[in-house]
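All chains should be built: construct the whole structure from the sequences, respecting the hints.
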Amino acid sequence: MKTIVITGATSGIGLEAARLLVRQGFNVLGVGRNIERCRQAEESIRSENPGASITYFAADLMHQREVVRIGSEIRTFLDEKCDGELHALINNAGCVRSWYMTTEEGYEQQFALNHLAGFLLTHLLLPALQKAHGRVIMTGSESHKGIRMHWDDLMLRRRYNPLTAYKQSKLCNILFAKCLNDRYGSSGIRAYVVDPGLVKTDIGNKETGGLVSLIWSLRKRHGVPPSVPAETYSFLCRQEPAPDGLYYHLCKEKDYSKEVTSENARWLFEISERLCGIENFMEVAE
Amino acid sequence: MNVMITGAAGGLGRALANECASRGYNLFLTDMNEEGLLRIKQGLERQFDVAVAVRACDLTSPESVDEMLSFIDEHRIGFDMLLNIAGLDFEGGFTRRERENIVKIVTLNDAATLRITHAILERRRPGRQFFIVFVSSLASMFPMPLKATYAASKRFLLDFAISLRQELKKQDANVLVFCPGGLATTPEAMRGIEVQGFWGSATTNPLEEVARKTLDRALAGKGIYVPGVLNKFLSFCGKVIPRSWVAAVIRWRWENAQGKWLTGNDNI
Numbered sequence: 001m002k003t004i005v006i007t008g009a010t011s012g013i014g015l016e017a018a019r020l021l022v023r024q025g026f027n028v029l030g031v032g033r034n035i036e037r038c039r040q041a042e043e044s045i046r047s048e049n050p051g052a053s054i055t056y057f058a059a060d061l062m063h064q065r066e067v068v069r070i071g072s073e074i075r076t077f078l079d080e081k082c083d084g085e086l087h088a089l090i091n092n093a094g095c096v097r098s099w100y101m102t103t104e105e106g107y108e109q110q111f112a113l114n115h116l117a118g119f120l121l122t123h124l125l126l127p128a129l130q131k132a133h134g135r136v137i138m139t140g141s142e143s144h145k146g147i148r149m150h151w152d153d154l155m156l157r158r159r160y161n162p163l164t165a166y167k168q169s170k171l172c173n174i175l176f177a178k179c180l181n182d183r184y185g186s187s188g189i190r191a192y193v194v195d196p197g198l199v200k201t202d203i204g205n206k207e208t209g210g211l212v213s214l215i216w217s218l219r220k221r222h223g224v225p226p227s228v229p230a231e232t233y234s235f236l237c238r239q240e241p242a243p244d245g246l247y248y249h250l251c252k253e254k255d256y257s258k259e260v261t262s263e264n265a266r267w268l269f270e271i272s273e274r275l276c277g278i279e280n281f282m283e284v285a286e
Numbered sequence: 287m288n289v290m291i292t293g294a295a296g297g298l299g300r301a302l303a304n305e306c307a308s309r310g311y312n313l314f315l316t317d318m319n320e321e322g323l324l325r326i327k328q329g330l331e332r333q334f335d336v337a338v339a340v341r342a343c344d345l346t347s348p349e350s351v352d353e354m355l356s357f358i359d360e361h362r363i364g365f366d367m368l369l370n371i372a373g374l375d376f377e378g379g380f381t382r383r384e385r386e387n388i389v390k391i392v393t394l395n396d397a398a399t400l401r402i403t404h405a406i407l408e409r410r411r412p413g414r415q416f417f418i419v420f421v422s423s424l425a426s427m428f429p430m431p432l433k434a435t436y437a438a439s440k441r442f443l444l445d446f447a448i449s450l451r452q453e454l455k456k457q458d459a460n461v462l463v464f465c466p467g468g469l470a471t472t473p474e475a476m477r478g479i480e481v482q483g484f485w486g487s488a489t490t491n492p493l494e495e496v497a498r499k500t501l502d503r504a505l506a507g508k509g510i511y512v513p514g515v516l517n518k519f520l521s522f523c524g525k526v527i528p529r530s531w532v533a534a535v536i537r538w539r540w541e542n543a544q545g546k547w548l549t550g551n552d553n554i
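Protein chains in written order, with this note's numbering: chain A, 1 to 286; chain B, 287 to 554.
Just so you know, the hints here were simulated from the structure itself, not pulled from any lab data. Glycine included, C-beta positions come from ideal geometry on N, C-alpha and C. One should not assume that every hint holds.
[Stated by the list, open to error] Selected chain A positions facing chain B (in silico; Cβ < 10 Å):
id: 1; residue: Ala58
id: 2; residue: Met101
id: 3; residue: Met155
id: 4; residue: Arg159
id: 5; residue: Leu163
id: 6; residue: Ala242
id: 7; residue: Cys276
Listed below in structure tokens is the structure:
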């Protein structure tokens, strides 16, 4: 049985992807922030599929010490129960903020959760992914288009705009996937970004406020249910051999921004390594 | 520039630490939360080429402060700037709050701030200009029923800072007092802003911007910084409208907002 890790798996797209992948016979490890919501999600999946292979881990991936803790718990779990193999890692957890807010490390929260958390978790689980010739899938967005990386002010301290921070974090997702393919494609790892489209989730209403929350409440009415994008994750996990593309919407390849160059990807990768305190991406420090 | 920041492991303190480090200042950070200090030190050193020293300290305990001061003296650290950020608030009516919590507001916001300011002024680097920032609040401009102790503790800082500024003028030191409205620093703070509806959002200041401008103004020799046009107008109203009227209006408004806030959130 192949194992898949999904972050942000207690609501929205992550929960529906977990539900679908469990139904399709994968062993799913979900990560959620709130232990109670993890329990509820697990119960809900089990209630429709009593033999389901689903396990939840609670961690607030906003903070790096939590990513490191959960990374090592998952590694132990994989070693003990899954022959140390991970078929896919779905870096789906993400957030929207109305204001400039920082993590424990002083990093801007959208950049930290939407990009750095997935970057660090991928590093921590890379040995298990390599063993299984696994796939890394990021939840991206069409909004990554029409923006450049703010290299001289990545955390947008000089002029914070919530939407700019969100778009940039989604551009980071696709740059990260590109660099993973450039670096580790030859060792059998494939990385993808899913554009879920406009989906009816609560992302814009959690810990936001005022205008951002209001706009999102109006916008999400036109969204599709999260079970629609869940199909694309399942497609990317099940397709054999692994598809060649980078950016997918509704199970089809799609064009991405011209900003997605190998040079930008490498640059972001190096900065992210530094911000996560990683000396060598291939080697997990004990 | 050697800068000490108190309350550096959270919200405004963390934002100011980022701002200082981006300007290349060396930092000495203190907070109650030792784990948080280690995390922010790590984050700053990964982003910027600066020296960051951290030391956990309970500023309300004279012994804890003395221990930190001997650590500072052992390492012969001198300072050019002190950012007094540590502070706290317990919302709610005077008789409904716990006695010790109410006293703690004054102990930390005022007494502890005086103690550390006095101590760090003795540890100035010789021959250099010195800068002090106190964090008061928009709340210092009004008597505030239901936030009575907090507002009064911030009024203390406002008046103290304005006086100290005059005392230190001849000693080549500048004192700035910063009076922000709401700041979106934590999920609880966000919720506090949210329940006030329009006025909550309208008086809230962007954290990254006030961090930058607070430093700019302190360095430029300014004495008081009230961020935002609306907040400036409100603080002006606080000066011209009779204080008992202001208090009556605020009680009416806060009873409304706090009712919503305190439901299901009574430990704030």
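Hint by hint, here is what the structure shows:
1. Ala58: violated (17 Å)
2. Met101: OK, holds: Met101/A within 10 Å of chain B, min 6 Å.
3. Met155: holds (8 Å)
4. Arg159: holds (8 Å)
5. Leu163: violated (14 Å)
6. Ala242: violated (33 Å)
7. Cys276: holds (8 Å)
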